[in-house]
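Heads up: the protein sequence lines correspond to chains A and B, in order.
Anchor point for the first sequence: position 326 equals 326 in our numbering, and the numbering is continuous, going up by one each time.
Anchor point for the second sequence: position 55 equals 55 in our numbering, and the numbering is continuous, going up by one each time.
Treat the hints with caution; some may be incorrect.
These stretches of chain A come out as covered by chain B in the derived footprint (C-beta under 8 Å, 3 or more residues) [to be verified]: (1) 32–43; (2) 294–302; (3) 379–385; (4) 407–418.
Chain B residues, not near chain A, derived (Cβ > 10 Å throughout) [as the list claims (entries may be wrong)]: (5) ASN31; (6) MET68; (7) LYS166; (8) GLY199; (9) ILE221; (10) PHE302; (11) TYR312; (12) TYR362; (13) GLY363; (14) PHE382.
Capping the alpha-carbon separation at 25 Å, the derived lysine-lysine pairs in BS3-like fashion look like this [to be verified]: (15) B/LYS33 to A/LYS429; (16) A/LYS364 to B/LYS33; (17) B/LYS30 to A/LYS429; (18) B/LYS30 to A/LYS364; (19) A/LYS438 to A/LYS349; (20) A/LYS103 to A/LYS34; (21) A/LYS429 to B/LYS172; (22) B/LYS72 to A/LYS429; (23) B/LYS308 to A/LYS438.
Because the hints were derived from the structure by calculation, they are not lab data.
None of these values were measured; they are calculated from a predicted model.
Positions of the beta carbon are idealized from the N, C-alpha and C atoms, including for glycine.
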Amino acid sequence: MNLESFLLMRSEIGLLAILLLLIIFEIFSNKKQKAAVIPFALILLAINTVLGFLPLESGELFGGMFRTNALLYFFKTTLSLGVLILLLQSADWLKEKVVDENKASEFFMLIISSLLGTYFMISAGDFLMFYIGLELTTLPVAALVAYDTYKRISAEGAVKYILSSALASGAALFGISLLYATTGTIYFESMAEILTSSNLSILGFIFFFSGLAFKISLAPFHFWTADVYEGAPINVASYLSVISKGAAVVILMILLFTVFKPLMPVWNKIIYVVIIATMFIGNLFAIRQQNLKRFLAYSSIAQAGFILLGLMSVDQLGTATIVYFVAVYIFSNLGAFGVVQAVSSFSDKENINDYEGLYRTNPKLSLLMMLALFSLAGIPPLAGFFGKFFLYTAAASKGYYILVFIAVVNATISLYYYLLVVRAMFLRKNEQAIPYFKSPFYMRLGLILAAIGILVAGVYSPIYDYIFSISNTFLN
Amino acid sequence: MVKLIYTMDILSLFVIVPLIIVLILTFFGKNLKQARLITAIGMGIQFAMSINLIFAYLKERTVNTDLMVFTKDVLWYETFNIHYSIGVDAISVVMIALTSVVLFAGVFISWKIDDLPKEFFISLIALSSGVFGFFISTDLFTMFVFYEIAVIPMYLLIGIWGSGPKENSAMKLTLMLMGASAVLSVGILGIYFNSNADGGALTFNIFEIAQVNIPEAAQNIFFPMVFIGFAVIGALFPFHTWSPSGHASAPTAVSMLHAGVLMKLGGYGVFRIAMYLLPVGALNWSDFFLVLSGFGVIYGAFGAVMQKDLKYVNAYASVSHLSLVLFALLMFNKTAWTGAIIQSLSHGLLTAMFFALIGMVYGRTHTREISKLGGIMKILPFIGAIYVITGLAYLGLPGFSGFVAEMTIFVGAFQHPDLFHRILTIVVVSSIVVTAVYILRMVGKIMMGPLSNEDYKDLPKATWFEKTGLILLLIPVIMIGVLPLGLSEMLKESIQPFLERLL
Chain A
1 MNLESFLLMR SEIGLLAILL LLIIFEIFSN KKQKAAVIPF ALILLAINTV
51 LGFLPLESGE LFGGMFRTNA LLYFFKTTLS LGVLILLLQS ADWLKEKVVD
101 ENKASEFFML IISSLLGTYF MISAGDFLMF YIGLELTTLP VAALVAYDTY
151 KRISAEGAVK YILSSALASG AALFGISLLY ATTGTIYFES MAEILTSSNL
201 SILGFIFFFS GLAFKISLAP FHFWTADVYE GAPINVASYL SVISKGAAVV
251 ILMILLFTVF KPLMPVWNKI IYVVIIATMF IGNLFAIRQQ NLKRFLAYSS
301 IAQAGFILLG LMSVDQLGTA TIVYFVAVYI FSNLGAFGVV QAVSSFSDKE
351 NINDYEGLYR TNPKLSLLMM LALFSLAGIP PLAGFFGKFF LYTAAASKGY
401 YILVFIAVVN ATISLYYYLL VVRAMFLRKN EQAIPYFKSP FYMRLGLILA
451 AIGILVAGVY SPIYDYIFSI SNTFLN
Chain B
1 MVKLIYTMDI LSLFVIVPLI IVLILTFFGK NLKQARLITA IGMGIQFAMS
51 INLIFAYLKE RTVNTDLMVF TKDVLWYETF NIHYSIGVDA ISVVMIALTS
101 VVLFAGVFIS WKIDDLPKEF FISLIALSSG VFGFFISTDL FTMFVFYEIA
151 VIPMYLLIGI WGSGPKENSA MKLTLMLMGA SAVLSVGILG IYFNSNADGG
201 ALTFNIFEIA QVNIPEAAQN IFFPMVFIGF AVIGALFPFH TWSPSGHASA
251 PTAVSMLHAG VLMKLGGYGV FRIAMYLLPV GALNWSDFFL VLSGFGVIYG
301 AFGAVMQKDL KYVNAYASVS HLSLVLFALL MFNKTAWTGA IIQSLSHGLL
351 TAMFFALIGM VYGRTHTREI SKLGGIMKIL PFIGAIYVIT GLAYLGLPGF
401 SGFVAEMTIF VGAFQHPDLF HRILTIVVVS SIVVTAVYIL RMVGKIMMGP
451 LSNEDYKDLP KATWFEKTGL ILLLIPVIMI GVLPLGLSEM LKESIQPFLE
501 RLL
């Protein structure tokens, strides 16, 4: 092992460096300079993201505990871009509310450590690394949910989150231990060879799956979602629904397609039922929501159901489509959450009713919100349409037409509630509409990046074709 | 930029030009005057392009005997073998011409949109680019993308600028049409994954799939999905319910465009995709759908008789006339199919005229109730005269397009020798009588009847832009009515290969 092979961990090392630099900055800056942490951290993360577009070889480290390849690397870069957009969108909230309380750099540190955790989780080559990554992802977020310390609802959300996460991690760990009991190994590769369908291994798998299902908030493990999203600051809710969920879905896919491939007849049926339940529960509950954070919480539950459609095809197509859809979903959801954040930080209003007449006062924001929601609903030519259609294609390629049919019915239901928001913004007239306001620079940058993603990622086909070409590397 | 447009092919321009107009509108359409000027010029260019396309097509046809001409093929998604592939035959050419006439007239009719004019025209043009794209595509996926682009702006167009219970109508229309297109997407996937049944590669290309013999079991499953997916927008009974409320709530130009053009996507899709790609399924299911569409014809006609609101009358009349298109398509012979396409054209033009006229009357009298209107002819002679002409053309008076269309359809339908088709045809023919009832009653009451309200005496006369819009639509109606032979010859040639798949 030489120094060069450490460069395989380039993205992780980059994040670690950012963390250290932030700590140094925090120690050596005086009270007046604290606000400078925002541009400082943003620039560092931007550099790290841009570096992520440089190619990287695939390989293993630490005897197979850590592995990387083109697909994982691409996905990490996508997550990093998502976090960058998210931090841009929260920069002004930090500047106004958090810097005075002297907790701005902690915010960055917590988010970046959580991102580092997802990186390790994605790159994990055995269950030990996976579990460490899982905990590193979860714990900082629990602190972040409680960031509005003096709001009761925020503290409540944090408690709910930490309790359900602890339960989920416990379940996952118990599942891992049962799997270890049947196979005697914790390495993914050797477990994939040894694992056979026995009662114990199925039980282990189910515990493990329910642990991850908590993270993705699949039905019936979704109960924490809406309350936590509502209590958390908007950008933290956004982080939970975008980065944390997206990463968990991709990890679930990796594990199901490699380690648990011998158990496919079992998990196929489980996933089938979970998809249907998740879509219906997410969609039907979303219809009734008034608070936009809760609304987006249920909408993202439903979206998770859609993403799992890709799992039904255990091949390159499913892999590529899931990664692609998660990337598209990151942009769309960040667009929606960004607008909610912008409106909320100007007027403290978060309900759908408050958005009535928004188009006449803030046309650009409303337009972006509409694009984001239409992308989530899957309307062409926005990126979400292509993502969804390819997910249907992936499921249909293995003959699951009935499942696809149920999914398209759900897509129509989801269109209904997305249109409710569009109706409030565009169709309604309102004397007391939120007046015109100009978003600050960072916010605009964050929103524009999300909008570009929504508009370009679909029509510009080389993105998908690239993902498809590298998905191959991971299955072998 | 100029060079780019110059090197573009003649068809892609139909999609590109609307996008350019949208961009120009976004930056320069500051107020109503600028917005409508830009749109009028843009749609004028579009209209000129479609006239040019007809002549270019006729010229190309003399040297090129391929199924589709002006074809172009660009690889889009390599993974799924999705192409942006385009081409036209006579059927798509006349549909494109219809679209641009109705659009161009629609701009004049909506000359006085005062609420958010820029957004209105942008939505209208976005819709049109979807429609044009749909008519030129020869790739299932691309076609589907354009289809959805054509449907979704309807929500804003009805919801923002509509009248009456516009929010509910807009929501109902959007959900029903998008639900149908969701079902359609399953059907499309079914076709796609069976397109390698003969051992080739998976493909979305319509003409490549047409070479493949998709297994009968698959055809039986996916034909109804594709058929219903398209037929919902073609107002197939019992999925027509979005149409009356949607048309009644929509602003004038949108009703025109929707009834005149958008509903035609249904018949076109059934013809081009459902029947062409799944012929065995079509034959197996034809009796079932024949009964449904035949019932739709009668139901729509009687529905129209019962209505009190002018727009509802027309909306139900559209259900009746468009079910007739589906009915004719399910007859599977050349005459009936030619009739179906001429009926699409004729209905598109006439219903657009009707909605325009209703909009003009409503704009002046602020009521659409038949009982409150009367004697309009004396006050508004131009509008009244055109109204009568449109009505007569609609109920099939010889010399106008309506007669040619219906005559051809019924002659074709009666060619089937078996009892089932004959009885059904006779039943459907009787709808002509019902049509005469509601048209003549409506025209008689509101145009010729006694003046119902003294206030109406001071109604303003038709303006130049209203006249322009109406005359633009009237010219092709008379042209088809007087000289149908050229059109039907042109269409028959293109229909032949599609018919051969079924026999």
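Hints and how they fare:
1. With 0 residues bearing a CB less than 8 Å from a CB of chain B, the segment 32–43 of chain A misses the requirement of three and the coverage assertion fails.
2. Three residues within the 8 Å Cβ limit are the bar, and the segment 294–302 of chain A against chain B gives 0, so the coverage statement is violated.
3. Against chain B, the segment 379–385 of chain A contributes 4 residues with a C-beta closer than 8 Å to a partner C-beta. That satisfies the three-residue criterion, and the hint holds.
4. Under the rule that three or more residues need a Cβ within less than 8 Å of chain B, the assignment of the segment 407–418 of chain A holds, with 6 such residues.
5. Taking the minimum C-beta to C-beta distance to chain A, about 15 Å, the non-interface status of B/ASN31 holds against the 10 Å cut.
6. Non-interface status of B/MET68 relative to chain A is upheld: no Cβ of that chain comes within 10 Å, the nearest being about 23 Å off.
7. Residue placement check: B/LYS166 does not keep its beta carbon more than 10 Å from all beta carbons of chain A (closest about 8 Å).
8. Against the 10 Å criterion, B/GLY199 stays outside the reach of chain A, whose nearest CB is about 17 Å from its own CB.
9. Listed as a non-interface residue, B/ILE221 fails to keep its Cβ farther than 10 Å from every Cβ of chain A; the least gap is roughly 8 Å.
10. Even its closest Cβ contact with chain A, about 30 Å, leaves B/PHE302 beyond 10 Å, as expected for a residue assigned away from the interface.
11. At roughly 22 Å from the closest C-beta of chain A, the C-beta of B/TYR312 stays outside 10 Å, upholding its exclusion from the interface.
12. For B/TYR362, the non-interface assignment is confirmed: its Cβ lies about 21 Å from the closest Cβ of chain A, beyond the 10 Å cut-off.
13. Consistency note on B/GLY363: stated as away from chain A, and its beta-carbon is indeed over 10 Å from all of that chain's, at 21 Å minimum.
14. Separation of B/PHE382 from chain A is adequate, the least Cβ-Cβ distance of about 35 Å exceeding the 10 Å criterion.
15. Under the criterion of a C-alpha separation no larger than 25 Å, the hint pairing B/LYS33 with A/LYS429 is consistent with the structure, at around 23 Å.
16. Restraint check for A/LYS364 and B/LYS33: the C-alpha separation of about 22 Å stays at or below 25 Å, so the hint holds.
17. Distance check on the hinted pair: B/LYS30 and A/LYS429 sit about 20 Å apart at the alpha-carbon level, within 25 Å; holds.
18. Taken as a hint, the B/LYS30 and A/LYS364 pair is honoured in the structure, with Cα atoms around 15 Å apart against an allowance of 25 Å.
19. Under the criterion of a C-alpha separation no larger than 25 Å, the hint pairing A/LYS438 with A/LYS349 is consistent with the structure, at around 16 Å.
20. Restraint check for A/LYS103 and A/LYS34: satisfied, since their Cα atoms lie roughly 9 Å apart, inside the 25 Å limit.
21. A distance of roughly 20 Å separates the Cα atoms of A/LYS429 and B/LYS172; the hinted pair therefore holds under the 25 Å criterion.
22. A hinted pair counts as satisfied when its Cα atoms are at most 25 Å apart, and B/LYS72 with A/LYS429 does not qualify at roughly 46 Å.
23. Simply put, B/LYS308 and A/LYS438 have alpha-carbon atoms about 49 Å apart, too far for the 25 Å limit, and the pair is violated.
Consistency with the previously given hints fails for numbers 1, 2, 7, 9, 22, 23, ordered from lowest to highest.
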